[in-house]
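Here this note's numbering is used: position 82 in the sequence shown is 167, and no number is missing along the way.
Read the hints as simulated data drawn from the structure, not as lab findings.
Please read all numbers here as calculations on a predicted model, not as lab measurements.
Positions of the beta carbon are idealized from the N, C-alpha and C atoms, including for glycine.
Any given hint could be a false lead.
To be verified - Distance ranges between label pairs, derived from CB positions:
hint, residue 1, residue 2, range
1, Gly143, Met167, 18 to 24 Å
2, Thr123, Pro97, 19 to 25 Å
3, His170, Asn144, 35 to 41 Å
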Amino acid sequence: MGSNSRYDRDRPAGDREAAESRALHLIAELVDGYPGITSRVVAGQVSAVLQAVAIELGNGRPVPVGVRRAVRGLADAMRREMQPHA
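Please put together the full structure from these sequences, using the hints given.
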C-alpha cells in the first residue's frame, strides 16, 4: 500500500529549492574544513546535516518546516562565523 504523505512524494526541485540546495552544499564543504571548529567529529556532523538537507531539497523532496528552519539557521550562523573578521 502506498503512502500519501507529502514527504514521500518526489517532485522536480524549483529554482528556490535548487538555489538553497547549492548554498547548503557550499557551506557544508566550508564547514568540513573550517579550522574554527576544533573537533573534526563535530565539524563532520554539522557538514553531514547540511549536506543531507541539501540533497533532499535538490532532489525535490520536501523537508519538514521545522527542520528546514533549523538548518537554515545553522547554515546562516556558520556562514557568519566563518567570515573573516576585520
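Verification of the hints:
1. Gly143 - Met167: 18 to 24 Å: holds, 22 Å
2. Thr123 - Pro97: 19 to 25 Å: The hinted range 19 to 25 Å is violated for Thr123 and Pro97, with Cβ atoms some 41 Å apart.
3. His170 - Asn144: 35 to 41 Å: holds, 36 Å
Going through the hint list in order, the structure does not satisfy hint 2, though it satisfies all others.
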